[in-house]
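4 protein chains.
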Amino acid sequence: MSEISLLPRDKVLRDPVHNYIHVTYQVILDLINTSEFQRLRRIKQLGASSYTFHGAEHSRFTHSVGVYEITRQICDNFARNYPSTNGSTELWDDHERLVAMCAALLHDIGHGPYSHTFEHIFNTDHEAITREILTSPDTEVNHVLRQVSPEFPEEVASVIGKTYPNPQVVQMISSQIDADRMDYLLRDAYHTGTKYGMFDLTRILRVMRPYRNGIAFEANGMHAVEDYIVCRFQMYQQVYFHPVSRAMEVILNKLLHRAKFLYEHGQLTGDQKPTLLIPFLENDFTLSDYLHLDDGVLTTYFTLWRDHPDDILRDLVSRFLDRRPLKSVRFTPETRSLIPELKQIIEEAGFNPDYYTAINDSYDLPYDAYDPSSKEPKTQIEIIEQDGTLEELSTVSPIVAAISGKSTGDERFFFPREMVKPTSDLQLFEPLYEKFQKYLRNDSLINPHEV
Amino acid sequence: MSEISLLPRDKVLRDPVHNYIHVTYQVILDLINTSEFQRLRRIKQLGASSYTFHGAEHSRFTHSVGVYEITRQICDNFARNYPSTNGSTELWDDHERLVAMCAALLHDIGHGPYSHTFEHIFNTDHEAITREILTSPDTEVNHVLRQVSPEFPEEVASVIGKTYPNPQVVQMISSQIDADRMDYLLRDAYHTGTKYGMFDLTRILRVMRPYRNGIAFEANGMHAVEDYIVCRFQMYQQVYFHPVSRAMEVILNKLLHRAKFLYEHGQLTGDQKPTLLIPFLENDFTLSDYLHLDDGVLTTYFTLWRDHPDDILRDLVSRFLDRRPLKSVRFTPETRSLIPELKQIIEEAGFNPDYYTAINDSYDLPYDAYDPSSKEPKTQIEIIEQDGTLEELSTVSPIVAAISGKSTGDERFFFPREMVKPTSDLQLFEPLYEKFQKYLRNDSLINPHEV
Amino acid sequence: MSEISLLPRDKVLRDPVHNYIHVTYQVILDLINTSEFQRLRRIKQLGASSYTFHGAEHSRFTHSVGVYEITRQICDNFARNYPSTNGSTELWDDHERLVAMCAALLHDIGHGPYSHTFEHIFNTDHEAITREILTSPDTEVNHVLRQVSPEFPEEVASVIGKTYPNPQVVQMISSQIDADRMDYLLRDAYHTGTKYGMFDLTRILRVMRPYRNGIAFEANGMHAVEDYIVCRFQMYQQVYFHPVSRAMEVILNKLLHRAKFLYEHGQLTGDQKPTLLIPFLENDFTLSDYLHLDDGVLTTYFTLWRDHPDDILRDLVSRFLDRRPLKSVRFTPETRSLIPELKQIIEEAGFNPDYYTAINDSYDLPYDAYDPSSKEPKTQIEIIEQDGTLEELSTVSPIVAAISGKSTGDERFFFPREMVKPTSDLQLFEPLYEKFQKYLRNDSLINPHEV
Amino acid sequence: MSEISLLPRDKVLRDPVHNYIHVTYQVILDLINTSEFQRLRRIKQLGASSYTFHGAEHSRFTHSVGVYEITRQICDNFARNYPSTNGSTELWDDHERLVAMCAALLHDIGHGPYSHTFEHIFNTDHEAITREILTSPDTEVNHVLRQVSPEFPEEVASVIGKTYPNPQVVQMISSQIDADRMDYLLRDAYHTGTKYGMFDLTRILRVMRPYRNGIAFEANGMHAVEDYIVCRFQMYQQVYFHPVSRAMEVILNKLLHRAKFLYEHGQLTGDQKPTLLIPFLENDFTLSDYLHLDDGVLTTYFTLWRDHPDDILRDLVSRFLDRRPLKSVRFTPETRSLIPELKQIIEEAGFNPDYYTAINDSYDLPYDAYDPSSKEPKTQIEIIEQDGTLEELSTVSPIVAAISGKSTGDERFFFPREMVKPTSDLQLFEPLYEKFQKYLRNDSLINPHEV
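These protein sequences, in sequence, are chains A, B, C and D. Per UniProt numbering, the very first residue in the first sequence carries number 1; after that it's consecutive. Per UniProt numbering, the very first residue in the second sequence carries number 1; after that it's consecutive. Per UniProt numbering, the very first residue in the third sequence carries number 1; after that it's consecutive. Per UniProt numbering, the very first residue in the fourth sequence carries number 1; after that it's consecutive.
It is worth saying that the hints were derived from the structure and are not from the lab. Any given hint could be a false lead.
It does not matter which identical chain is meant; a pair holds if it fits inside one copy or across any two.
Below, computed lysine-lysine pairings styled on DSBU-like, alpha-carbon distance capped at 30 Å [what the hints assert, rightly or not]: (1) Lys11 with Lys435; (2) Lys327 with Lys343; (3) Lys327 with Lys11; (4) Lys438 with Lys11; (5) Lys438 with Lys327; (6) Lys343 with Lys421; (7) Lys421 with Lys11; (8) Lys435 with Lys327; (9) Lys260 with Lys273; (10) Lys343 with Lys438; (11) Lys273 with Lys44; (12) Lys435 with Lys421; (13) Lys162 with Lys44.
Okay, chain A solo, but in the shape it has when bound:
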């Protein structure tokens, strides 16, 4: 690694969550100033969640600098309290600081607008794109990283890809308690205005320590870690899996499907041609095409489609732009079999069920419940005793044991709000409406034939 220039004096960015983001290296400043990184300002961190929690309008830019800042603080703490002076892999080698901080800053750089929905429809992959942004010689990010050393872009990419040899660095960025999760929980709690995500970051940073296989937590800080796990659980239950946000994502999904269908049938043309989306509709896009996308690009085309002749497309973009979510109920493996009956009633009421109903499973969402016994076990959280003994967290915390391995999501069936709140037009089919009600109780699907 070539000589890295420390800034003569820290630069700071004012941040509502961490108060200040401290930029100490020129390379970090240069990365922030790249076109690819600035683009993250135009992509919301939480996608459709701001339809449920109106304050949650923050971008991936703010989250990314926050992850960087937490990583910087971890490095500072490790360098002061656990410095490796003799190359011991038990302790922290501060030469790893820069690769850790760059990986932290750039870990989300491949994200596009409403990633989960967009990727599903257009077969994009934000992880592959992250890697490409880092390693392709054409990006500004790569240009900055190469100034550190020719191998540096690959090193940073390997931290994000979890193949970097030093597990301490990898776990700082991606593990059960990493800088990424800690920042997003705090930041999303701050902007949504919920209090569930407010764990004690300072205390967790104090009890983190490096060890041979990564990062462990001192026993006397066990409860702060436990509290973090509970916060995460609550945020998923209360915020990330909120049925209204999922309902809005369902609409987005359906409208992009409809747009694709119409494009394939030659019906997205003229002023309604989505120029910047064509490469994706054609399934033939370059990195540059991808970097032209952001939330505003999608909503601009949706706005144009408000006047499209297709009834379904026009209706769906209006439901999305004007926030008219679908309604939903929980179902279980037992009640799942009732869904075709519901779809039939909905169709009778005049809604195409392909576009106006959906089942959506919050297990699909990227919930990362801490579960050391799962098939693909993630890194365990290790508690380290005074004498160096390690214990996996759920063996010492009954609360965490209670959550571990339990899925916290629910399966829901989505349908038009009109089925339960009929408007004047819909009163025509009132018997249909009454029939539909019989399937619903206490936010759940029930079998009306058994009651």
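Please build the complex by placing chains B, C and D on the supplied structure of chain A, with the hints as guidance.
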């Protein structure tokens, strides 16, 4: 006024600033659900300020519901403590509640993307448009308001237009201490992460009271009012007038000018035609055209113009999208005469001064320093003593007297950052660069011939 | 109940936790101004915990007004959303408001200094004294309460004693989620500076509702309730059961024992006679004697005893006043049998084990883990579904199920710090010291013979 | 200076204001553990203010560790950004760190209970006592300090006494913006629950820098400094000078006077003899006598005096312990001459004016308005420009100029509440009461003869 339906139970929206927004009337819920109001989600409250304070990405939607909530709380307080039972105009008639709350919610509904810059270039007027949205029979907002009574849309519009007969209602929405300013100061402070805007809302609400000519503040709460004035002063100085935000607005202004120029010369066509902006470029737009605009529409066209053949347009959109602000220095009436010399150097360095320099005066910005002695005096802040005597705030507060009538802005000259941080290419003109430096000291323009 | 005078306008007390305490009735104001209530200013809420968390110096006065305020807010919410107009016991009868608020304010009025330790040694009983303060005709509190009605003192006492007929009122003040616990968790968290106690009070208040048998919580607020239970669990683990606070309480206990012993042997006389404690040392005290006690009275006598000729008393008061806590280790039923060996070593080192060792069991402390299956089951927390079905919380919350019925305390053996941190004098017995170490590992007692 | 032992790892104390207090040196830990320092836990920071703001019960202990922590952070910042490597007195010599931190920690160690009132009556001097605690060979504090070097106690004392040669160190602890004031403003705001004291500590620490004559503030942080000055002004106006707190201090003053009078007349004997106060009543006390005092010692004797035969003493201790403040009105130089008339009415109503009236001037209180033009000018606040130019704050800040040199206090006349809120007994003298009212309007004394 027809019967107004109270909701059987409050609905709440989670809000990071007020914790919860309480919706108690069906009409308020219906207004929030209109297409015109939902559109405010896509327009940032602070425009270019998020380039300086990255957390400040909140929309006009969040501010608008916040202004509504503060107004609701004022009404609750007035109704409980100062009810007019005999028609006394000294006290509060709670029949005014609904018109006040609707005006609060809708006061910003006519705003478009980056209003101040956009209006300047395209001759739009958000106040006129607000009025049109309320009173035009074609909008969803008007449709909801008319359900209260046929005159209700005009009444709400007259509160916003300050012609409504009851001054208590008008001052609640627009005066030196109104629900609008109180919400934006708190909200902008919350999202920027600065602490300057954090005055004591609860205390101010407690000491507000109606009187014949509007709203006054009890003497024992004078210091809370004083603190609010200082917060406002600090927020203007520190946040709203920040030179970097103004520099980004200058770029936006210049790039829209360039786009207009190119359009007029037939050079914004094909894939780079800004369909949704055409009515404004043609200076012939409808309300519906206006309601199609949002921040994303602008940045989508800017993204398309990244590939435009015009060097200046291409460069300016990149400076805007990639956040590369101009630099600036303060100047005074004395040093203003040096600006032509600077422009000449800048032109020699290869920048067209029409597009790469600007003078920008923060006096132009909507700063509303409390100044009872100005030519167009705004409503004074009245302090009310135990025995009912009124005293204008600045006569009892030396701090407020110190701020009153003092302009807090500064005049700045903006120029390309390359003039002070030359890149490799620019080193070619190094003597120019040295010459330029001589004009700058301590963030101010100086006369190098005199030093 | 006679006519109760509402204050013409609310009085407020500034409060760091609830922002303002709103006093709306004259009787509440009068109760706050009684001598018995003002005395709570001189008694710390958390006793010895401020030795561990230095910010936790707040008094029972602040907590008591906080419990009142939460109760007032619950009543407001019930009166607005669930008013009983026809005498239905499902809903809330607002005539109960005053008895509820008075009981809330006065529920802790019988507490004395360092209650748990003091009561143990002097056979006082703060619950009996609370009742006496309310119902004895000699107190100012009784005088104020009687102005409401002759039966009112007994009614308030019966709410605190849980025999009042309306279970809604009783559960407001004492149940698994009551105004008392909610205030102390928030307040203790605020003053200790820990974040564990910060649950979402506003949301819990919103989802509380009356029903026939007391108070239930709406299903859509289940997670806020769950979060409260976890906060409570964390506060007990992290704050209330902290080993250093318990070590200081052990010292207090031992020094009061020693003082009692010396008094009984005629050795607390002259300037060192604890005049205000004599009635308790004589086991013959009046209510008036009790009301003369406060934290300062105890520490004043301790200060006088700094010069007492008895070595043990002198040493113990100095350890208490100068904060020199005992050390401790956890033990289990298995390792308990090793304690006599440890005591013998300690005695060999020169410490009287009767005064310098203790076993202390945090199960003894008033931890009120939510446990519907215990022998003395407390009120269950009931979750109420949309259709009125009730479900006990732990049947719907895996987190709460994990905590329920699990004791969270630990048993500890306390001993002089000198045994592990020898001072110069103690190095004389260094082999003893080494022997002692062998019993300790990872904060636990181990069997050195087995290792 | 001998070798100083850094702790192998930071110890932390949880703090509600600074989150954690970081103890990095053994000597700091040892000082905190001295008997003299632990005694500060038993002395309230704000004395009688907790009678007005009930949350303000925090002790001088918490403030003292807070001042230490801010000083530690300043030193860290100076050491990182302005290290003196060549002995330059423009920059920071980190060898000064320990003396600065010790002085910060110990600056208030000489305070006794209710210092301002106590000192006035008993001629004690907390500054002289601070010096004695540091330099007397008999104290634990001196013992710890001597372990650094024989001269160290004197050095620390000279920092507190402002005679230490390095002005940077002196100004860190005592100047217009020092660690002392910054901690108490933040801490008192936190515990009172007011928001006026909440300035931006982090930003101020960032813009502080050493220069030859002390400490200056960078021009770009001018507004944070300005905001601090306004906070200070507001806290004095709203909290420190609150008339109710001053009324309680007047009572304390009067009751100590009465006790002194009775002692001198042989009437404080037997069980009511204030053993620990005798040396002060005799005006012959040792340092040890002084170190035995705390808030609880005073209130314990007051409790004993509740049964004293002297009517005035008994009444005054009850007013103090039971919080029954005097009332007050503002007067001016013009209306001052009316006070004898008021006193006469009060005497006619049965109150001895020597014990039941007072004039109290908040100018006497230690308000330190920033005033460079005063006769005894304090250190100025210097703003440092990019090119090193210094400017005194009030020359660049109109807000500060408005406050500078203006006294913010008021003169008040205190009298028994019974004069304006007659109880049943007092209704006997109703005409007196009516006559008294005529002197009062809008919280001010007026001349009833002129109206």
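- Earlier hints that do not hold, by number: Failing hints: none at all.
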